[in-house]
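All chains, please: the whole structure from these sequences, using the hints.
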Amino acid sequence: MKNRVIMTMIICGVCLVLFAVMFMQFRTIEETDITEIENMREAELRTAISEWKSKYEETAKQLEANQKSIDEYQQKIEQNGEASELVDKDLEESNMILGKTDVYGEGVIITLSSTNERDVKYRDLLELINELRYAGAEAISINDVRILGSTYVAQPDGVLMLIKGQRITSPYVIKAIGNQTYLSSMLNLKDSGYIDKAKAVGLNVKLETGKNIKILKYSGEMEIKYMKEGANKP
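Numbering (our numbering), first residue to last: -13 to 220.
Straight-line distance between alpha carbons at most 27 angstroms, and here's what the computed DSSO-like set of lysine-lysine pairs gives: (1) K203 <-> K107; (2) K107 <-> K183; (3) K192 <-> K203; (4) K86 <-> K214; (5) K86 <-> K203; (6) K214 <-> K203; (7) K200 <-> K150; (8) K197 <-> K185; (9) K86 <-> K197.
These aren't lab readings, by the way, just hints derived from the structure by calculation.
Below, the structure written as structure tokens:
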């Protein structure tokens, strides 16, 4: 944005200089002494007219060139503006994909809880995450903890459920943004869908659809230690 402002100021300055040059050239023609013209001989007058004509044509050409330059500068301003908008849009989309911003949209909400027959295990959540991703979910959260590509779900002692080191407890509310019709259809497949399989092992599960589901941004830090951009170097 700062570079765009500087570029605009420079271009405006150049345009002012061009207009000043044109003004001075036209003023030179307009301030020609009429008395001198009246005292000129025919030959001298012809020569003077020829010179003025040349000056006028030169000024007209300069005006045309200046106008062309101004048009080019204007085009650059517009192009820089479009480029800036594209960069902003790409950055916004990247932040959404990386989980750096809150997002909302249509999708599904699954509530999963333990029963006397069976507790929810980490593998139940992992299976649900995988099925949602397979069905095209663009963003997922569990108990408002954003699920990223690097997120792990673990149950080290068989009791405590951890997502990226953060403890969560039953009931587990899983939100997913995506095509709600496709997501719900995949989860509701008879016998092979997640809903039927969860009920079959004794878990409580409820599926809802919504048009305006909100998923919060990832609240932790993202640190890259070993990954580098570009091709592998020997």
